[in-house]
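S.K.: Spelled out from the first residue to the last, the chains are:
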Amino acid sequence: MPKQIHLAAHFPGVNNTTVWSDPASGSHIEFDSFHEFAQIAERGRFDFLFLAEGLRLREQNDRIYDLDVVGRPDTFTVLAALAAVTERIGLTGTINSTFNEPYEVARQFASLDHLSDGRAAWNVVTSWDAFTGENFRRGGFLAQDDRYDRARSFLQTAQELFDSWRGDEVVADKESGTFLADPHPGAFAHRDRFFDIAGQFDVPRSPQGRPVVFQAGDSDEGRDFAAASADVIFSRHGTLEAGQAFYADVKGRLPRFGRTRDELLIMPATTFALGDTEAEAAELAQQVRLAQVSPATAIKFLEQLWNRDLSDHDPDGPLPSVDPVVGENTIARGRASVRMHRDPVATANEWRAKAEAEHLTTRELIVEVTGRQNFVGTPATVAAAVDEFVQRDAADGFVLVPHITPGGLAPFVEKVVPLLQERGVFRTDYEGTTLRDHLGLPLRDRDHGTRTLAG
Amino acid sequence: MPQPPIHLVAALDGAGWHPAAWREPAARPTELLTAGYWTDLAQEAERGLLDAVTIEDAFALQSDDPFVADDRTDQVRGRLDAVLVASRVAPTTRHLGFLPTAVVTHTEPFHLSKAIATLDYVSSGRAGVRVQVAARPDVAAHLGRRELPPVDRDAVATASVVVELFDEAADWVEVVRRLWDSWEDDAEIRDAASGRFVDVDKLHYVDFAGRHFSVRGPSITPRPPQGQPLVAALGHAEVPWRLIGRSADLGFVTPVDAGDAARLVAAVRTEQAAAGRGEETVHVFGDLLVVLDDDASAAADRLARLDDVGGTPLRSDARVFTGTPAQLADLLLEWQRAGLTGFRLRPAVLPDDLEQITRGLVPELQRRGAFRSAYEAATLRGLLGLPRPADRYATTPANA
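Going line by line, the protein sequences match chains A and B. Reminder that position 412 of the first sequence reads as 412 in our numbering, one-by-one numbering, no gaps. Reminder that position 12 of the second sequence reads as 12 in our numbering, one-by-one numbering, no gaps.
FYI, nobody ran anything at the bench for these hints, they're computed from the structure. It is possible that some hints are incorrect.
Listed next, the in silico SDA-like pairs over lysine to any residue satisfying Cα-Cα at most 20 Å (straight line) [unchecked claim]:
(1) A/Lys174 / B/Asp74
(2) A/Lys174 / B/Asp64
(3) A/Lys174 / B/Arg302
(4) A/Lys174 / B/Asp295
(5) A/Lys174 / B/Thr92
(6) A/Lys415 / A/Ala380
(7) A/Lys174 / B/Ala273
(8) A/Lys174 / B/Ala26
(9) A/Lys415 / A/Ala24
Footprint (simulated), chain A over chain B, 3 or more residues, beta carbon under 8 Å [said to hold, decoys possible]:
(10) 73-79
(11) 82-91
(12) 98-109
(13) 130-138
(14) 208-215
(15) 241-253
(16) 376-386
Backbone N, C-alpha and C define an ideal beta-carbon position, used for all residues, glycine too.
So here's chain B without its partners, still in its complex pose (with noise of 0.2 Å):
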């Protein structure tokens, strides 16, 4: 039986995944801050028929060390709002999916369910978003809530302060998709014989309370285009595979072989059935940082010459591929019959290899029946395979 279509993410950073990537000739890293830059690389992505972006964010300027913040000089430093980069890039577009990061943490689920739904319209149903936990000290101190502990740089999976900090974001993650639900989808009604421009009976209180927070609702923001935006989360360990298993309609997984990617396929099944959910789709696809070029020895050549500028050999939790489209279609592929149902790929140097990937990957996956050859569908959820869900607190079915 022939493979269903494999789905494509483009991850988006800065300049690229490696840190050398703005010295390219073809980066423009005087331009990471304007709108220009990010609306080619969407409509790059969008001409490559991928099914969306992602776009990372922190309350923190990048470091090279994961755990502290440093004061190295040679690398991208300063960001944007990931979720405004996504609405100003969103109306420039007319297909592509939007996965912006949202540090959940240290944010209000009332205010990211609006943002997100307003994405959703903005984009006519294109809107998702990334949650992503921050356990760093130093950016709890940023924002001045709460203090976290450091965190021990050897047991990070499992230490007591990340697993709690993964079922807060559990709890933000329900009380956002309450919120997209708390409007019916016919709640306005615009009655003038009434004057009832809203069918109160129809929006509802999500009356959340948790350990962390309580929410009462409803949004201010009635149901967004697609009901349920995606949510997405990147997980390395048994503590954000629950996430995902619990919470996401989207993981990202990081394999190094296709044994690996079984396994972790495999785990987040675990957690996606433990969590009651074993009959809905929940997407896991496969990060990669890729080094493409027309031969494998080019590939090899820039990677190389890349870590000689960076000063230091590329390092990643995701596994560096370095080699052609044809050799990375291969790869996938072979994924793919492990589990996975898409990829995420960081372009090691923007715009290079994103366009190796919408230019030769893309070709090659169509050539071999395994990717679309036009858009399918109207809305994030429609290219992923995701009906429409009913409103949790829908009565009777809405008038489609």
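In isolation and in its complexed conformation, chain A is listed as follows (with noise of 0.2 Å):
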């Protein structure tokens, strides 16, 4: 039998990859565009549907950054109410381990796991930044050394705390007046350099035991932190052969952490384009990167790398000839992918480099290098490079990433997902109810010593 794929929907991002000023773009606060966006992924049986966070408005030049979509509503709030209008997908949900702590946390995913009957996973992300720090009490500053470290005792805290009800204390019997059989649960101890906390946890023992854990990291430190601990790695790598370097690479890492191949899926993000012909995708691709790629946003871009103003920079001329600011970040702030311009300077010179090889103005070089992954062909080539991906062991399903809020999804449950179910790949209904059940990771004994599982 061939492998299963996994499929995913992100809900529309507070980023360019969303082109907000399309006819067809609708709210993305409203809650009726979450609803019908996680109704088009359930009918398309996806595994799950996935919402990011962001804690501050992001700034650029001082000023907040408004040529993208801003704003979005809570994580956690949202999530529980579309377990009220959907049936079986996984309710994925982007929570920010630096700016909460592991009681509170932990107590959240419990209830939407229960509110869901099983349906919660967690997105496990630090942050880094003490400009996003401003909005918290906690505050503060987060020495890049101690990101992972914090974020792996806050889940293994968090770990602590789901485990610490075993699943058999309640047993209501109205007879005999026992409502507890145990009169102590949930007992907890944790102390570390990061937490030193104790008590009782006070939400009982979930339906999947444990919410499904996922992680984005792709340093080494974040691919080592995944294959300890996450259930799910969200991923970036475009082409085959990177996918598949990826791949074996942390699958390779997993026997370290005594777990097996099958206990840790990767899942890269990825967009796509359909058309009714090659050309017709194409240039439907091409179309919906221009949009993402405004003269603006291009300046803007380019100010991310050379970290200074260059507002009368000209989008549709070469690059600039002067080089980066080196150091701090300082026009760009509460974005994540300026952190990935490690050396600004030789990156500049690869983009020069790049430009002038291919004839590119500013603006065409930008939408060539923020390119994502992406697939653009017709229904059935898209069908079948996702299954190859999967087959040749680039990944184990993706999550898509569509343009338009909250329609956007649809040509792809439509016209793609019955191929991958012709190609026997796909579900053609699901079998289980909870999102473990989906992703075929049930909770080993192991990972919970002698506790046994709920429900």
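Join the two chains, each given in its own frame, into one complex according to the hints.
M.R.: Structure representation (structure tokens):
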């Protein structure tokens, strides 16, 4: 039997992938948009939908960044409401481990898991900047070196809280008057250099025992963190070869942490453009890219690498001749991607060489270099490509990122999913009820010592 | 002059407010952590045209002792996050307001501000929050961010730590309210010509700096449908009444009789005036724990039976009312004349006493012209007669 593909739907985010200027683009705040998006994904029998999070409005040139979609609702609250209007689809949310405490986050995820009958999942991220910290009483700045250590400790502590109830404590026997079989349930104590907490957790064990854990790190440390503790890793590796290399690397790390290859799924994020012909799809993809990178947006991207004000630069001219300002990025704040520019001068030189060789203007260059993993083609060729990536171990599935809210996912669901089903590589109906069922990731006994799994 | 209609809120908690409630025939003690249980209760409240429900919460297991955890095995223990329960249930209702409890002592105003704003979006304008202080040191140890000293049982209301926690709660509400206003209503412009999604001049830093925290803003979530969702708080003494007077739209108090009700309303009004909010509408509702039945002796028998099963007589911070819905209606109207504008009723047993409220008390009040016969507004503020407030940061009125 061929590998089965996992599919997920990313609610269009607060970045330039989302084309808000399209007439079909709806609200990214009103619940109706989330409702419609979730229904499309569930109609496609997707494993889960995914909501990102950002805890401070981005700024560039000391002003709130206004060219992309701005603003979003609270992740937990939307996911809980979506549990009311969907039945099976997994509900995954990014929740920051820096500006929260384990007790609070664990009770929110355990509650969401109860309220959704076992469909909750947590994408664990760490923040790094004092800029975001200004919105929180915890405040502050976390040294880069401490980020994964604290995240590891946070996740470990949360897992201890999830495991603090075995699942057999609540008996609620009206006759005998025994509500609890254990007079002191949920006992926990955790002490390390990040957290020093003890007492009793107040949410009994949830249907999945633990929510599914996602991680998105790509650094060596991030890959180890995922290999040690995540159920699913998000990645963004564009080509088949790069995907295979990442896949082999991460799966190869699992034995070191006492895990098997099938205990961690790898799901890259991807966009898509569908047409009746290859040419039509390519044309659409190009139109979308140009809408995503307006002349003004191209300059903003340029500034993020150059780390200086380039508002007078001509987007239709060549790249700037001055070099980027090296050091702390002061031009763009609240944006994770600027950290990826590790050697801005070298990157600028690469961009200049590429622009010169391919005769690209600034905007055209930005369109090229900010392009994401992309499936472009007819439904048949896209289905074949998706399948190939999975069968050849470049991925276990994909997180699809439509560019239109909320309807942008529909063409994929209507045209590509049936072809994947015909190929026998994607479910025609949900087989289980929980997200762990969909992902084929049952909680193993050894994950929680002697604990037994409830419900 | 006839009295205006009264407002009714049902207080939802576990299997009900009597510790033995979960053993009643209609109780569903194995379903207390399911969405279906809470949906059924909310829909029953909505069938009774109630203004809202509150949902209790705490960062600790329930305890028979308000000051420390206990090890009892004969009462309901374990609960879900109240904001998420409200959000899960809101889409299954159309008119009912939701006032989940938020523990302000240990939470981030930034997170709760966007959570309640989002509840307001999810419910199309029916959200609020009941704020609660947590003074227990063992609860603080669950979070690990701060240490709190043991609270003196005999001087709770005046303990300096308690006074400080309530001051902090007022700061917390102030931050939450500013964040709700930090996006003007028309900040999202989607101007394709200029490529701008928002008008940044209509997004505002809140720049709150207090003794306990500072918050920069703006929120990540646009201004919610009601502008300002409801803020509610329960108070038994001067310090929490001050919080109500300074910060709340709705206060819950616990009178023992009509004279006491008048005294408590006056106390809240004094604090309201002292906070410079004398011109604003602040509702003061009376809390009652209710055991209702078709005749008074049956109600008394029910309570006796529950007490017998529970092993001790029911104790409550609120007055325990035992009787018929008609007798309760008499009492509510009498207390209303003392200055209360509504009531938060705590059903002793769920769903039994909730159904007595929605199917007994409500029709009785309707017959007396003292309660709505249909929902008259689309938002919780509307039901409570509160206008949609202007944005504190707006320099020009938004186009409606």
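S.K.: Run every hint past the structure and note whether it holds.
M.R.: Hints versus structure:
1. A/Lys174 / B/Asp74: holds (10 Å)
2. A/Lys174 / B/Asp64: Distance of about 19 Å is within 20 Å: holds.
3. A/Lys174 / B/Arg302: Measuring from Cα to Cα gives roughly 16 Å; hence the hint holds.
4. A/Lys174 / B/Asp295: violated (26 Å)
5. A/Lys174 / B/Thr92: violated (30 Å)
6. A/Lys415 / A/Ala380: holds (9 Å)
7. A/Lys174 / B/Ala273: violated (50 Å)
8. A/Lys174 / B/Ala26: holds (11 Å)
9. A/Lys415 / A/Ala24: holds (19 Å)
10. 73-79: Coverage by chain A holds for the stretch 73-79 of chain B (7 residues, Cβ < 8 Å).
11. 82-91: holds (count 8)
12. 98-109: holds (count 4)
13. 130-138: It is violated, with 1 qualifying residues against the three required.
14. 208-215: Held - the stretch 208-215 of chain B has 4 residues with a Cβ nearer than 8 Å to chain A, which meets the minimum of three.
15. 241-253: Violated, because only 0 residues of the stretch 241-253 of chain B bring their Cβ atoms closer than 8 Å to Cβ atoms of chain A.
16. 376-386: As far as the stretch 376-386 of chain B goes, the hint is violated, because 0 residues have Cβ atoms under 8 Å from chain A.
Comparing the model with each earlier hint shows violations of hints 4, 5, 7, 13, 15, 16; every other hint is respected.
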